[in-house]
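Trainee: Keeping their order, the protein sequence lines are chains A and B.
Letter by letter, the first sequence follows residues 1 to 268 in the UniProt record's numbering.
Letter by letter, the second sequence follows residues 1 to 268 in the UniProt record's numbering.
Misleading hints may appear alongside valid ones.
[Stated by the list, open to error] With a straight-line Cα cutoff of 30 Å, these simulated DSSO-like cross-link-like pairs (lysine-lysine) come out: (1) B/K211 / A/K246; (2) B/K261 / A/K250; (3) A/K47 / B/K257; (4) A/K257 / B/K47; (5) A/K246 / B/K261; (6) B/K246 / A/K211; (7) A/K250 / B/K179; (8) A/K250 / B/K246; (9) B/K268 / A/K268; (10) B/K257 / A/K205; (11) A/K79 / B/K250; (12) A/K236 / B/K205; (13) B/K257 / A/K246; (14) B/K250 / B/K268; (15) B/K250 / A/K261; (16) B/K268 / A/K250; (17) A/K211 / B/K236; (18) A/K100 / A/K71; (19) A/K250 / B/K250; (20) B/K79 / B/K47; (21) B/K261 / B/K181; (22) A/K211 / B/K257; (23) A/K230 / B/K261; (24) B/K261 / A/K47; (25) A/K246 / A/K71; (26) B/K79 / A/K261; (27) A/K261 / B/K230; (28) B/K261 / A/K71; (29) B/K71 / A/K261; (30) A/K261 / B/K261; (31) A/K268 / B/K257; (32) A/K246 / B/K181; (33) A/K268 / B/K246; (34) B/K47 / A/K261.
It should be emphasised that the hints constitute simulated quantities derived from the structure, not laboratory data.
There are 2 protein chains.
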Amino acid sequence: MNSPRLLSLVLALGATVALNAKLVTKPVAYEHAGTKLEGWLAYDDEKVKPGAKAAGVLVIPEWWGLTEYPKSRAEQLAKMGYVAFAADMYGAGVVTDDPKRAGELAGQFYGKPLMAERARAGLDQLVATGLVDGARVAAIGYCFGGSTVQALAYTGAPLAGVVSFHGGLIPVPAEAAAKTKAKILVCHGAADGFITAEELAGFTKAMNEGKFDYQFISYAGAVHAFTNPKADEIAKLRGLPIAYHKVADKRSWGHMKQFFKEVLGDTK
Amino acid sequence: MNSPRLLSLVLALGATVALNAKLVTKPVAYEHAGTKLEGWLAYDDEKVKPGAKAAGVLVIPEWWGLTEYPKSRAEQLAKMGYVAFAADMYGAGVVTDDPKRAGELAGQFYGKPLMAERARAGLDQLVATGLVDGARVAAIGYCFGGSTVQALAYTGAPLAGVVSFHGGLIPVPAEAAAKTKAKILVCHGAADGFITAEELAGFTKAMNEGKFDYQFISYAGAVHAFTNPKADEIAKLRGLPIAYHKVADKRSWGHMKQFFKEVLGDTK
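This is chain A alone, in the form it adopts within the complex:
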């Protein structure tokens, strides 16, 4: 048998395995500082066996709360072999599509230790599944969640890396340079009007001065929420300057994959 044929056979076998793979998804109840939370766990039980100590990824939602969107990202990550946990920041079942309400909900966290603490509760929950190698855990977040993973990293949380997708760039605390363990990838919409030139300059200055290990990527034409396929619908409904950008979504997901390969190693 020549090698191209053999390769086709292997590819066909691979496809069969993929079809047989069982994606486990389930809500997970937990609690933080008196608030009852409910996150969303996803993994592929063909790839992740009990005691396997796979790589884990924490997913922090946009300011809308734990909607279908972050759950779908957790499932995508699970298909790639990660144990993914979409955290709940607000409280079991608390979601909204009203920007005013979302602003109030997210507003509880900005500039406060609670932002990192609540995210940390999600991280601990992910590790408590027993499926994850504690040295191979990363966190990603969208918009508000992008800010949150930055805040979590700055506390020195045991993370190999964080990825912020169209996240607000929050001030870097003075002690963060000494504490931070995570490598940082920021995926930024070049036309994102929510992030000011001052915030961008402040972030870059703090990163360079603090000698953080970071990568900052700007995607042409992308505005706020560029990775969320529902962004156009929400924009229309709510009159917000947000939009899905398919090309930037694909590029940033690819950049996240390369980053994970570096900081988490290979998955099965």
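The hints should help you fit chain B onto chain A, whose structure is shown.
Mentor: Then chain B, alone, in the frame of chain A:
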């Protein structure tokens, strides 16, 4: 035979193929505007057959001229299945390790149509090999070469994409937005003192206003020449603020690969 064993066998076969692959490298004489030039062609003749119409990559050197470094990049690209051509900008055999002389040589091109024209002669030479699909050609460049691939793209040259590694950000001509066909990837050292904040701001503004398809990536801790393993040696010899940055080199090469996959498609 179970699939992991089958996969090992295929991988072993793959390794054999790779060992048997023959890298063709050769100098190619050409001429532009009365200057005799000599570029460097590289391809893998197991992957690239006459009439195969493979994807091509033009490589524009640093201001040192066509030294071993751009040739080694052409060879790396050839191993990946591309037909690579490291262009000569200065004239056959004209290389230097003296920054003063390099500045004079590169100075002939900055701000002048000759920069794109001389690079275009190299691009034409690559296409003239007959090995390349003219719709699947990209250009990469280092430092001076990074500026040059920008200049070449802005003339509307038939390129699917350009990648600038630690290139100076040259002014974007007014007519470039309408002419440019190439998607643009800029790989920038976040600590590169040769590129001013004004140049960065001007580039971003021009890209956004002109609705260019670009991606701009900053790599923490990387200074000028961060991809060149010889940079430290040159820095010591010549007292220049340049340095090799292994991590940023690897990351940017990975980002280039993803970019090429998007703009050039798969290689064999």
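Trainee: None of the hints should be skipped; say for each whether it holds.
Mentor: For each hint, the structure was consulted:
1. B/K211 / A/K246: OK: B/K211 and A/K246 at ~16 Å, within 30 Å.
2. B/K261 / A/K250: 12 Å, holds
3. A/K47 / B/K257: 27 Å, holds
4. A/K257 / B/K47: 27 Å, holds
5. A/K246 / B/K261: 16 Å, holds
6. B/K246 / A/K211: 16 Å, holds
7. A/K250 / B/K179: Distance of about 26 Å is within 30 Å: holds.
8. A/K250 / B/K246: 26 Å, holds
9. B/K268 / A/K268: 25 Å, holds
10. B/K257 / A/K205: 29 Å, holds
11. A/K79 / B/K250: Cα-Cα ~26 Å, so holds.
12. A/K236 / B/K205: Judged against 30 Å, a Cα distance of about 28 Å means the pair holds.
13. B/K257 / A/K246: Status holds; Cα separation ~19 Å.
14. B/K250 / B/K268: 22 Å, holds
15. B/K250 / A/K261: The given pair, whose Cα atoms are some 12 Å apart, holds under the 30 Å limit.
16. B/K268 / A/K250: 23 Å, holds
17. A/K211 / B/K236: 23 Å, holds
18. A/K100 / A/K71: 23 Å, holds
19. A/K250 / B/K250: 21 Å, holds
20. B/K79 / B/K47: The hint holds at about 9 Å.
21. B/K261 / B/K181: The given pair, whose Cα atoms are some 17 Å apart, holds under the 30 Å limit.
22. A/K211 / B/K257: OK: A/K211 and B/K257 at ~27 Å, within 30 Å.
23. A/K230 / B/K261: 27 Å, holds
24. B/K261 / A/K47: With Cα atoms ~27 Å apart, B/K261 and A/K47 stay inside 30 Å; holds.
25. A/K246 / A/K71: 19 Å, holds
26. B/K79 / A/K261: 22 Å, holds
27. A/K261 / B/K230: Distance ~27 Å between A/K261 and B/K230 Cα, so the pair holds.
28. B/K261 / A/K71: 28 Å, holds
29. B/K71 / A/K261: 28 Å, holds
30. A/K261 / B/K261: 18 Å, holds
31. A/K268 / B/K257: 22 Å, holds
32. A/K246 / B/K181: 20 Å, holds
33. A/K268 / B/K246: Measuring from Cα to Cα gives roughly 27 Å; hence the hint holds.
34. B/K47 / A/K261: It holds: about 27 Å lies between the C-alpha atoms, which stays within 30 Å.
Violation of the numbered hints given earlier is absent; every hint is satisfied by the structure.
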